[in-house]
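Participant: For reference, the chains in residue letters:
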Amino acid sequence: MDTPDDSGAIRDDGDAIRRVDCDIHPIFADGVSELAPYLTDGWRARFGMTGKADVDMFGNVRAASLELPRSPFFYPTAGAFRKDSVPPGGGLPASDPAFLAEHHLDAHQIDRGLLLGQNMLTLGAFPQPEYATAIAGAYNDWIEDRWLDADPRLRGTIVVASQDPEAAAAEIRRCAERDRRWVGVMMSLRNAMMGDAIYHPIYAEAERQGLPICVHISGVEGTFPQCPPLPAGVPATYFEVKTIYTTVYQANLASMVIRGTFERFPQLRLAMIECGLGWLPELLWRMDSNWKALREEAPWVKKPPSEYVFERVRFTSQPFVEPPTAKQVRDFLEMIDAGRTLMFASDYPHYDFDDPTRTLLQIPREARRGVEADNALELFGERLRADLGAAAVAAKAA
Amino acid sequence: MRHLIGPVEELPEGEHTIRRLGKRTVGVFHTSAGFHAVLDVCPHRGAPVCQGVVTGTMLPSPPGEFVPGLDGLVLRCPWHGWEFDLRDGTSIGPVDRRDLKLLPTAVEDGRLYVDDPD
Chain A
1 MDTPDDSGAI RDDGDAIRRV DCDIHPIFAD GVSELAPYLT DGWRARFGMT
51 GKADVDMFGN VRAASLELPR SPFFYPTAGA FRKDSVPPGG GLPASDPAFL
101 AEHHLDAHQI DRGLLLGQNM LTLGAFPQPE YATAIAGAYN DWIEDRWLDA
151 DPRLRGTIVV ASQDPEAAAA EIRRCAERDR RWVGVMMSLR NAMMGDAIYH
201 PIYAEAERQG LPICVHISGV EGTFPQCPPL PAGVPATYFE VKTIYTTVYQ
251 ANLASMVIRG TFERFPQLRL AMIECGLGWL PELLWRMDSN WKALREEAPW
301 VKKPPSEYVF ERVRFTSQPF VEPPTAKQVR DFLEMIDAGR TLMFASDYPH
351 YDFDDPTRTL LQIPREARRG VEADNALELF GERLRADLGA AAVAAKAA
Chain B
1001 MRHLIGPVEE LPEGEHTIRR LGKRTVGVFH TSAGFHAVLD VCPHRGAPVC
1051 QGVVTGTMLP SPPGEFVPGL DGLVLRCPWH GWEFDLRDGT SIGPVDRRDL
1101 KLLPTAVEDG RLYVDDPD
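Protein chains in written order, with the working numbering: chain A, 1 to 398; chain B, 1001 to 1118.
Chain A on its own, in the form it takes in the complex:
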């Protein structure tokens, strides 16, 4: 039976999905070698995963094993993770599905959690398209086995390497068509803006499968030349990087709208995850204002640019805005139509984690339900909503 709740919205009483976390980062327990079972013999050999010591001409063991890209310069000095997220038996935070379920999903009453692979955030930094493609495929298999099978509340985002867009499209197809627990596409970015044609094969397949494109800060923006550059130059501190990396996502959003990506792919949706929020009103106002004078340059932009964003793009809440007063929070949320555009995310197990209760209490009542679950359910659809976990595990076993 449908009953009006205290916000005036209508909700099916049987609806079990009341809280969705759109940003959870699973982590390898034993490093990238966990992918070995999912790689071919050739890739295991290339990545130094065969167990055979590789000796150089001086008799020293070579460090032939694969390392995932990371910034050697920019990292939080206090550590990247919540200290209490270490599993009781030891190991890395968010490396144990059972402990993550207890420590995060159960503790915060999270009904669905979207996984964005911590170790894949920097995939776009690989200069070798073949490496990145092989790793993405193996990683997706690992996520299914290690994480999606472990808890029916978890959902995956298909990792794809945009270094080879056609292979990325094939990977989307492979995962989406075999398992409905994949709800989006986690696309690595290159030093090309998101409105660029190099991404078109990925957008086309994501649209065909009804999966939103998900982009997330990589942490290697501005570090490697094949990654999106940071503006103005090279920063010196993580403090600077964490403050300004959001400019990459502002630029990409403008690029997609103005280059006509949302006209070219009329069903394409986008989730900007941990890409910053406070910049959004200025970007929307600026695009709308500039469109009035400059539309001749992009005549395919057929309505105010902000409308494409409000219709197609969703943003995650973490790290939540922290202006000096509660009124400023409310004013800001109204500017971005948060009841429609914002989705809760915790960023577990990172140190800048947002607690759902504290975040959601800052959202006005009329917008809260959208932020807490409904905007994510609208964006990710039936694949997020349906109780697929147990059925998928059983189908796999059979």
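A couple of the hints might just be wrong.
Derived contacts from chain B toward chain A, CB cut-off under 10 angstroms, selection only [to be verified]: (1) M1058; (2) C1077; (3) H1080; (4) I1092.
Please keep in mind that the hints were generated in silico from the structure rather than gathered at the bench. Note that the structure is a prediction, hence the values are computed from the model and not measured. Here a beta-carbon is modelled for each residue, glycine too, at the ideal position from N, C-alpha and C.
Based on these hints, arrange chain B on the given structure of chain A.
Facilitator: For chain B alone, coordinates are given in the frame of chain A:
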């Protein structure tokens, strides 16, 4: 009130004239679609819009394609570049709900007039 602009042959197609008519400044444009009298105030920020160029524009098109059109029928404001269709004053796009204010024109005995109802 009716204002005489002059003999029609003094304003050939492609030309325009800006006149003070009573308290208002009005641009009279001769395009392939006829004569158009435009109040010289851009609805955006009040610019003297009639000092803008008469041009064409790009029609709405699929991404990556350009379809030129409305050649000689678009007035582009000299300040912020908003475009208006001279035939009816509407904003091109439309990028805005605010349009140009047009006044009626008339040709009688080879003479061009602008009628200002105010």
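Participant: Among the hints numbered above, which are violated by the structure, and what are their numbers in rising order?
Facilitator: Structure breaks no hint.
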